[in-house]
Structure formats: structure tokens, C-alpha cells
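Participant: Just so you know, the protein sequences line up as chains A and B, in that order. With the first letter of the first sequence counted as 1, position 206 gets the number 206 in my numbering; the numbers rise by one all the way through. With the first letter of the second sequence counted as 1, position 290 gets the number 290 in my numbering; the numbers rise by one all the way through.
Possibly wrong hints are sitting among the right ones.
To be verified - Cut-off 25 angstroms, straight-line C-alpha distance, at most; resulting in silico cross-link-like pairs (SDA-like, lysine to any residue):
(1) A:Lys177 / A:Asn145
(2) A:Lys111 / A:Ile391
(3) B:Lys321 / A:Ser381
(4) A:Lys177 / B:Arg448
(5) B:Lys278 / A:Thr442
(6) A:Lys453 / B:Gly447
(7) A:Lys345 / B:Arg233
(8) A:Lys197 / B:Pro445
(9) B:Lys278 / A:Ile391
(10) A:Lys111 / B:Pro445
(11) B:Lys321 / A:Phe409
(12) A:Lys345 / B:Asp248
(13) B:Lys327 / A:Pro387
(14) A:Lys177 / B:Asp248
(15) A:Lys177 / B:Glu446
(16) A:Lys177 / B:Gly447
(17) A:Lys216 / B:Asp248
(18) A:Lys222 / B:Glu144
Just so you know, the hints here were simulated from the structure itself, not pulled from any lab data.
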Amino acid sequence: MVAAGFANESIQAAAAQPDPLPNPFVAPAAAAPMTDLDRTVFSRLEKLGIEPADICSDAVFVRRAFLDVIGTLPTAAEVRQFLQERRPDKRRALIDRLLARDEFTEYWTMKWSDLLRVKAEFPINLWPNAAQAYHRWIRTAVRDNLPYDEFARSLLTANGSNFRVGPVNFYRAVQNKDPVGLARVVGLTFMGVRVEKWPAEQQAALAVFFSRVGFKATGEWKEEIVYFDAAKPLPAEARRAPLPDGKVIDLAADSDSRQVFANWLLAPENPWFARAVVNRTWSWLLGRGIVHEPDDFRADNPAVNPELLAYLERELRAAKYDLKQLFRLILNSRTYQLSSIARSKHPQAEANFAFYAIRRLDAEVLIDALNQITGTTERYSSAIPEPFTFIPEDQRSISLPDGSITSSFLETFGRPARDSGLEAERNNRIDANQRLHLLNSTQVQRKIENGGKLQALLRARTGPREVLDSLFLTILSRPPTDDERAAVQDYARSNAGDMRVAMQDLAWALINSAEFLHRH
Amino acid sequence: MSLHHSDDPRLWNLNAELGLLGLRDDALTRREMIRTSVLGTAGLLLTGGAAAAATRANPTVVATAARPAKAKSVIQIWLWGGPCHLDTFDPKPDAGNDYCGPLRTAIPTNVTGIQIGESLPLLAKQADKYSLIRGMTHGINGHETAAYTVQTGRPSGRDVFPGVGAVVSLFKGYDAGYKGLLPPYIVLTELQGRFSESGFLGTRYKPFATGGDPGASRFVVEGVVAQGISDERQRSRREFLHRLNTFDRAMSSGDPRLAALAQCERDAYEMILGDAGKVFDLAQEKDDVRERYGRNTFGQSCLMARRLVERGVPYVTINYKGWDTHKQHFPIMRRKLPELDRGVASLLQDLAQRGLLSTTIVWTGGEFGRTPRVQWEAPWNGGRGHWGKAFSALVAGGGFRGGHVLGSTDPKGEEVTNHPVHPSELIAGMYDLLGIDPEARLPHPEGRDVRAIPNASDGVREPGRLAQIM
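Extracted from the complex, chain A is given alone in its bound form (with noise of 0.2 angstroms):
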């Protein structure tokens, strides 16, 4: 029996031979290139005294590309690939193939879905039919990459059915849809800022863009058209509308009000929409934005590096507003391949980007990687309306469409509400709940045992050694370091009677490590 074999045979490497990373976190020699981003980067940390972490390794940037591109944990084997990969630049290789992957649609759409807020159910309402429309709709530009000033006009101007134009429900989800509601909302996706903070009369000026949004029943149940209702009454005051920067737009009566503004917001000289989304783009992959919250620009919340952002900026409109190529730049700068190994204690370096800040896996990512590392599925349903809607098992979380799909474990670990469009509703933070859930649960310690693929993984006939490699891989996505097999081994001897036991409960402890639960 293999697994006896840890206990008797070594499966140490040959004392002879040191652990060629003596930390398997950094790399060797620094050889991320410096790109005009990083020079913003670090000149900033010069400036304030910060030293830079060192470059991550290899394992640490797979894993990492992988749980930030596409909310996936990479398997045994990708990793294995990416590691005995020779081609120096076989990291931007990755990103390309992993920016073109089912999976980026699959998380992204997950993502504005949040922002959007693509719920069913109380308290946003939109019916089902309807979240399936919008999240239909969300996917499609995801996937194809719509670009960005494209998708943001869809979403201010469309018109129809809320069945049958996904869009449409931009409008819809909303807990308020009075027009200083709507404005709110739009402030809050495309502008990132609170117009509930600014002075109501600037509030009540942005609302007049809105005041015309029209809703109207038909005779199929729960259907409704949204459209330019030029019917509504516009105050001869609020013709002459002012714009958030100040400018007097002459709103023609029967002129969408929802376009105009559009064409002031995706003009380029705005200075708030490009701003907002490399804002919330960088704070995605690097866990914070250059302003934070990454969703409220305010004048008393300044940008840590103005340099940063701006540059930033003007790459995405060079680039047409096209956000896969955003991502490809931040993915590929030396700043985000730092290592999250700190070595600085400098009270600014995080906030500077000096390292790379770790953070707990999102839920649906988290059950994900769990299901993957064992072989398991999650059963997701929904009881309202009747029939009952049943997703199939083999679906993964990152692609549920509606927020209203309850399930104890999202919840728990702080899957967003979808009620407010705030990026701090989703909650990453670790609490004794999510500890104890992990650490001692039968939904985790059933994966664990009755898992085929982990099963099969720890009964295989290649050799103890093998064993943990592969278990290591398929975990922490990197080998294990001699300490850890010496660890393994003592942990297998005093086991000795259970050997079955032993390697689940090495499976048990690499899934409650620090480093399983976080993105680092």
C-alpha cells in the first residue's frame, strides 16, 4: 500500500541535496521587466523611502494569474507546465492564454454582476426571468469583450423589455427608481463616487438626466419595458441642466436625456469615467485601488499616486476602452509580480504597492477550488417561483447567475448582497464562522473523505514521493519544501495505524493553511 510507504521509506529528497528554494514564495534573480507603469510605481516608493518586495516565483504567479484572471485554481497539471516552461517570457504567455480562457468570462461576468446587481429577489426584484436576461446580456459583452465605453452607453440608454433586452434592467436594479435613485446609481457604476455625499442641488441636477425613465407594465406577468418616457413633465428650470464638471447642457424636450448625458460621460475629456474604471481594474488584481474605496472619488479622497492613475487613463483610451488589454498591462508590470512577502514595514507600503497585498479567496472561488482539489460539486437551487429552478451539479459558482441563489457557504464567507453595487459588499475578511466551517465542518470533511479525485490522488501507485508532490501541487499549487515532507513523514509515523487518516488530514491541513485561503 503507497500510503503505508510514507510512514517507512523516505520521502525525503537525498540529504545531499538542499531544497533549491530555500523560500518557495520569491524568485531567484529579479526578472520581471520594468514597465512605464512600474516606473510610476516606484518612483513613488523612492520618493517615500519604500523598499520593494522581491519578484514572486514561478508557483506563486501561476496560482496567483490564475485566482485573479479567471477565479480558478490551476490544477497539478497546469502548474506542472507552467513550472518545467523554458521560454523567458512564458509568464506573459500565461496571461494571453489566460485572458482568452471560458473561465475569464465566467468570473468577470460574476464581477460586474455584482456591480450591476443581478438578483432576482427581494430586495432588488427583478424577476427571474429578467436576472437571466441581464447576466445573459453581461456574459455576452464579457465574453466578446465589448468594449468598455460600448457597454457603459448600452446599459444608460437602452430601451425594451426587460425578458428580452438584458440591459434594460440597469434601470430596474434598484431599490429606489425615482430619478435622484437613478442617478445614484449611475454616479456610483460610471463615476465612482456617492452622490448621496455631494449637496442635494448637485444631487437633484444629475437627477434631472433621469427624470424621464419610463417603466411600463405589458400583459405577460413580471414583464416590463424601460424607456425614454418623454411624456414626464421637464421643468422648464431643468432645461438648462448643469453636469457634474459644471457644463450647461439645453435639454430639448423631447431629447433622450439619458443620451445626452451619455455622450458628456464617454466623452474623452471626461474626467471621471476612464478614471473610475482603471481604478476598479487595478484594485481587482492588485487589492486596493490607487483611490480607496475604488469607489469613492471624492476630492477629500485623494489618488496615493496621481501619476499611476492617470497613466492609466490614457492607456485605456488609447487602447479604445478595451479592458482585456488594461488587464494585459497591469498583469504583465513588475508591480504586480512583486511577492507578497513585505520588506518594508513602512506604514504607506501597501498603499503604495510595495508588495503584493494578500487576500482571502472570494466564496464562489474558494467552494470552486475546493470542489476541484476533491472532485465534489455543490447542489445550488432556487425555491422562488415555482417550479423550483435547479442549477446543474456540475456548474461552477463563479457562473451562478442570480444573487438570490441561497447557499449557506456564500453567504458565510461573504458573497456581495447584490443590493447597493458597492465593491465593499463583497467581504473577504476571515471570521470564527468561516474558521470553524473550515477547519471542522462535515460539508469540508465530507469532501475530504468521499472526494473521488482527491480519493484517487492520495491511493495512487506511483510512490509516496509522487503523492505529495501532486497533493502539494493540487492544493498550494507548488512542490513541498524538505521541511514540509520531513513534517509529512513524522506526521505519517505517529499515524502509523491509520495511514488512510494521516493523508486526509494532510489534505485537511494544506485546505486550512494561510496560504490555500488566500490569493498571495
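Given chain A, work out where chain B should sit, using these hints.
Facilitator: For chain B alone, coordinates are given in the frame of chain A:
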């Protein structure tokens, strides 16, 4: 019922009476009135007035002499789906078959003049311990919106407010110095799921949901009890986990996220291996106690709730599903009402015997009532629909008086005819008993100024709506 015959000074309408004496000060809140009245022990109006005057002279008196909270804990028995008020706490025996169906009898209780439904004989013997609010109303007939309004006190709107449990967890939990090893807000056994209990307060104030089944031979609390894993193995694999900490050692920078993870792990093991988790072992209770509560999921949940408040947990919710009886209403009631009866009656009796009832609010009810007129027609064939216009709630303990009925409905149970109570008013009453400052604010993610206690903008007509039963 005349309030003036009560021997509890808190029941007098002090505001009015001080006004008659020319001592009324509109700047004084009702709660300060209550505080000041409690400062006096025997003397009544004059004591109250004198104390109020003293308060005005030296405002710090109020702060230092703050009325201690009567209630320390809440047990919320949530009848998810909406129980029918006619079949439970507001019987209408004269309304006829179209309203009563086969449950046509009202039975007397141990309080003269109070009758409840025939299926609740054990609760009838405990009526001196609880009050019935028969004028609950909000007019909402959708489950989610009604459940939201009943548990937050707010109409659905732009924000998603936290439910009572999360608010109590905020004001009585870790932030308020709660040192218990058990989470301050525990749900037996599953979350409600259709909206977030903690609303905009976020994950930190979410309840701990036990999972498992207290009615099973062993209550396997998700995360606390791992079947088939001995304590010894728990300890040895924890050491193993600590030895495999290559990453933590490499980080070694005191990263706050790793520190938080380590603290959470220590807390978790208090539940897994420490004494804290033992509370969930129902086998520690005598068999006859377990029988008395009923050997079913609900009954044992009630027993579990008692064990939790005994250990100081501020808020426990029992989510008791299955009350949405559009069809098969009466057969289901014949099965469920005896369970409800046994569980709640035993809980009240047990809490009282252990001296816990005076500090524990027991709040029983659902999101709305059910259509008083039975839907005999197809496809319901004897069902009841949703009814937000009128329903009942049972409240006991923690400062709520026993043996009273507040408000009433018409002879068919369709409309509230006397003393309507909006959920926000019931919640405000509970917060009052819990000693939550009426001026307290909730931390709002966008920094808006939000009162913890629902106020006029949330539909509260006047403060002190429950004064007669508090």
C-alpha cells in the same frame, strides 16, 4: 384595564401626569422619564418629578444612573411562512366554518378573560407569562418584504437594514464587551436565506447558523461537532497544521490578515475542543426535560435556545419553517401546532423556573397572518393565503408583562380594530427593554446618519406603543 392600578411605576403615563403637575419637560425623552421614575422607590409622582428636576440640573445624572437593561437576551421563534392568527393566538370561534374550519373552539387560559386556539392547551397554562399582541399589522403580503419589515422594522427601500438579531449583536456583542466564547448571535438551525440578516452591517454581524438537527440522536453542529473525529485527532492535526506553516513563517511581517486568521483559529478551537462547544451536547439534559420540550427538531431547538441564553448568548433565533400553508392547511396545523405548543410552553416554564425569564425576551411570530376566510375552493381546497393586514405576536419575559392582550381584530380576524402595532413599534419596545440607547446610531457604509431604533420615518406612530405590556 387601568394602568394606574399597577404596582409597577413604569406603567404609569408619567409624561401626562408630570404635565398635569406642571413638571413636564418636552425635552425629556420618554426613556428619561422612565429612568427618573425608577430613581424613586416608594414616592411616586413627586419622586419622578424631583428626579427629573435633578436631571435637568445635572445632566450627568442620566448617564450614570442609566436604567439598567431589563433584558439580557432574546429568543426569537420565527414561524417562517406566516402562521394563522385565528388558529393560534386570536381565535374567532363565532366566525363559523368558513373562518375556523375544523379548529372552531377557543380554550380558556390560566388568565381570566384570555382565550387562545384549541390546539395550544399547554400554552394556555402559561398565559400568565406572556402577552399577546393581536393588532400586529403592516399590510404587506409578500414573504420577503413582510419578513424584512417584521424583522427590521423598516419598509423596504434603498438600504437593506439589519434585522433585530444583528442590531442586538452590534450593541450587546463583541463591540459592547461581550466576552462569551459562543457567538453572540446564533441561529437554529438554518439562515432564512432570502435576505441578509445583517443587512448593511455586513458579515461581522451575521449569525452563526448551527446546521444539523437538534432533534437527532446527536446534534451535529456544523463546524463544532465533527462526527468520527476524536478530540485526540483534532489536537494532533491542529499541531500538524501549525507545523506546515511555511508561508506564515516566510511572511513574518505581522500581516494583519494573518493575525486575524490566527485569532479566528483560536476562537474556533474554543468551540471545537474547549468548553464552549459543550453547550450543544443535548445529552447533558435529563431525559424527562428533553421529553417535556418534545422530541422533535423544534422542541429540541427550544431546549437548545434555553441552554444558549443560560450561557449568556444575547440573541438566538429559531427558524421554524413550514407555516406557508396554502394547501392542506388544517392537516398541517394538526401536526405543527402541538409541536409549537409543547416547545414554547416548556421553554417559558423552564426559563421561569430557572429565573431566566425576567431577563430573556421570548418573541414568537411570523411575517404575517393568513387569510381569515378559509380558501375552500380549488386549487387550495382548504388553504389559507397571506394576510399582512392583521396578525398576532406572542411576547414574554425580559420586561414584557405576562397575562395581557394588546389590541384586537374584528370578529372575523380581518382588520385590526383596536391598538394596531407596526413591527417597528414592537422592535422599538424590545430595544428599550434591552437598554439600547434610543439615540444610538447604526454604522452605515456610506456614512449616513441612521438611528438604530426605527423612528417616525420608518412608520412609528408614537413612542411607547407597547407601554401597557412593558
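Participant: Compare the structure with each hint and give your call.
Facilitator: Hint by hint, here is what the structure shows:
Only pairs whose Cα atoms come within 25 angstroms are accepted, and lysine 177 (chain A) paired with asparagine 145 (chain A) is rejected, the gap being roughly 29 angstroms. Restraint check: the Cα-Cα separation between lysine 111 (chain A) and isoleucine 391 (chain A) comes to about 19 angstroms, which is no more than 25 angstroms; the hinted pair holds. A C-alpha spacing of about 18 angstroms is found between lysine 321 (chain B) and serine 381 (chain A), which places the hinted pair at or below 25 angstroms, so the restraint holds. A distance of roughly 19 angstroms separates the Cα atoms of lysine 177 (chain A) and arginine 448 (chain B); the hinted pair therefore holds under the 25 angstroms criterion.
Proposed proximity of lysine 278 (chain B) and threonine 442 (chain A) is supported: the alpha carbons are some 18 angstroms apart, at most 25 angstroms. Distance check on the hinted pair: lysine 453 (chain A) and glycine 447 (chain B) sit about 48 angstroms apart at the alpha-carbon level, beyond 25 angstroms; violated. Distance check on the hinted pair: lysine 345 (chain A) and arginine 233 (chain B) sit about 38 angstroms apart at the alpha-carbon level, beyond 25 angstroms; violated. Note on lysine 197 (chain A) and proline 445 (chain B): the hinted pairing holds, with a Cα-Cα distance of about 12 angstroms set against a maximum of 25 angstroms.
A distance of roughly 37 angstroms separates the Cα atoms of lysine 278 (chain B) and isoleucine 391 (chain A); the hinted pair therefore is violated under the 25 angstroms criterion. A hinted pair counts as satisfied when its Cα atoms are at most 25 angstroms apart, and lysine 111 (chain A) with proline 445 (chain B) qualifies at roughly 20 angstroms. Straight-line distance between C-alpha atoms of lysine 321 (chain B) and phenylalanine 409 (chain A) comes to about 20 angstroms, which keeps the hinted pair within the 25 angstroms bound. A threshold of 25 angstroms between alpha carbons decides the hint, and for lysine 345 (chain A) with aspartate 248 (chain B) the separation of about 16 angstroms falls inside it, so the pair holds.
About 16 angstroms separates the Cα atoms of lysine 327 (chain B) and proline 387 (chain A), which keeps this hinted pair within 25 angstroms; it holds. Annotation: proposed proximity of lysine 177 (chain A) to aspartate 248 (chain B) is violated, straight-line Cα distance about 48 angstroms (limit 25 angstroms). The straight-line distance between the Cα atoms of lysine 177 (chain A) and glutamate 446 (chain B) is roughly 19 angstroms, inside the 25 angstroms bound, and the hint therefore holds. About 21 angstroms separates the Cα atoms of lysine 177 (chain A) and glycine 447 (chain B), which keeps this hinted pair within 25 angstroms; it holds.
Our distance criterion of 25 angstroms between C-alpha atoms is broken by lysine 216 (chain A) and aspartate 248 (chain B), whose separation comes to about 57 angstroms. Restraint check: the Cα-Cα separation between lysine 222 (chain A) and glutamate 144 (chain B) comes to about 17 angstroms, which is no more than 25 angstroms; the hinted pair holds.
Against the hints set out earlier in the document, violations occur for numbers 1, 6, 7, 9, 14 and 17.
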